[in-house]
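Required output: the full structure, derived from the provided sequences and hints.
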Amino acid sequence: MLIDSINISSFNAKLLKVDIDTQELSNVSEWPTGTLNPIFLENRKKFKKIELELAFKGGSRDLILNNISNFMSKLTREVVLTLDSYANKYRCILSANTTEKTVSKHMYKKKLTFLGYEFANEKIETMNRVTSKTINVAGNQVTPAIVEITPSIALVDLTITGLDEDFIKIKNITASKKIIINGEDGTVIVDGANKYGDTEMWSFPSLKPGVNTITVDKSSVDITIKYKPRYI
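Read in my numbering, the sequence shown has 183 at position 178, and its numbers run on one by one without any break.
Worth double-checking, as some hints may not be accurate.
Straight-line alpha carbon distances no greater than 30 angstroms define the calculated DSBU-like cross-link-like pairs of lysine-lysine that follow [stated by the list, open to error]:
1. K231 to K94
2. K79 to K94
3. K174 to K200
4. K79 to K50
5. K62 to K115
6. K183 to K231
7. K176 to K200
8. K174 to K231
9. K115 to K22
10. K54 to K94
11. K183 to K233
12. K138 to K231
13. K94 to K19
14. K79 to K106
15. K233 to K50
16. K114 to K54
17. K200 to K183
18. K22 to K62
19. K51 to K115
The set of hints was computed from the structure by calculation and includes no laboratory data. Values in this document were obtained by computation on a predicted structure and should not be read as measured data.
Here it is as structure tokens:
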């Protein structure tokens, strides 16, 4: 098991048990008085719960408790969990934990509850000097995308469809300068500088599960689309 890139074996810990639930769904549908039919609204998706049980071993209780303390210091912020025998990863935050003393002075147990979401390894698609491409996205949730655009010539503007509710338009494009529209962190960057002011869009790029057709109105660009499929 990894916490970000740190193996829990460095704390003399071992993963004993994993319980993963689907994301919590909530709903505010209603049946107004005097109407024949209810008003059904789409479910709101909330966090996925990940419950783990770990064993910490050591030569003394003091040594074990020190390892647990060092381990917990890595969980004070958002982390990515890589779990043994699970293909996908989990970006999450610790929400609850308990420490259990065992009969043996050489072992403690730690129970942890995380809240977050599940995602697969990053996928990369390219569109080099073409105006259309169809991408079949795995998973079962909409996922943010990172779009990298490298123009071969200067352009007044470029319009992309299929990555937003409407379209994404970038203006004042310089030849060979890579534009990065990042749907994960909500930025538009060229050479480290903010280019959001030259961008028109209703929301940052994303992809829905299944078939997505991406189009651009000019073929003089190389485009790379990066995304991580997400799961309820």
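### Query
Under the criterion that the straight-line Cα-Cα distance not exceed 30 angstroms, is the pair K22, K62 satisfied?
holds, 16 angstroms
### Task
Given the hint that K174 pairs with K200, test it: the Cα-Cα distance must not exceed 30 angstroms.
holds, 12 angstroms
### Task
Given the hint that K114 pairs with K54, test it: the Cα-Cα distance must not exceed 30 angstroms.
Answer holds: K114 to K54 is near 20 angstroms, not above 30 angstroms.
### Task
Given the hint that K51 pairs with K115, test it: the Cα-Cα distance must not exceed 30 angstroms.
Holds, at about 25 angstroms.
### Query
Would the pair K174 and K231 pass a check requiring their Cα atoms to be no farther apart than 30 angstroms?
Distance ~19 angstroms between K174 and K231 Cα, so the pair holds.
### Message
K183 and K231 were given as a pair; does the straight-line alpha-carbon distance stay at or below 30 angstroms?
### Response
holds, 15 angstroms
### Hinted pair K79 and K106, Cα distance within 30 angstroms
Between K79 and K106 the Cα gap is close to 21 angstroms, so the pair holds against 30 angstroms.
### Query
CA of K183 to CA of K233, is that 30 angstroms or under?
Measuring from Cα to Cα gives roughly 21 angstroms; hence the hint holds.
### Task
Starting from K94, check that the Cα of K19 is at most 30 angstroms away, please.
holds, 18 angstroms
### Query
Within 30 angstroms, alpha carbon to alpha carbon, are K231 and K94?
This hinted pair holds, its Cα atoms lying about 17 angstroms apart.
### Message
Does K115 sit within 30 angstroms of K62, going by the straight-line distance between their CA atoms?
### Response
holds, 11 angstroms
### Query
Given the hinted pair K79 and K50, is their alpha-carbon gap at most 30 angstroms?
It holds: about 27 angstroms lies between the C-alpha atoms, which stays within 30 angstroms.
The structure is consistent with each of the numbered hints, conforming to all of them.
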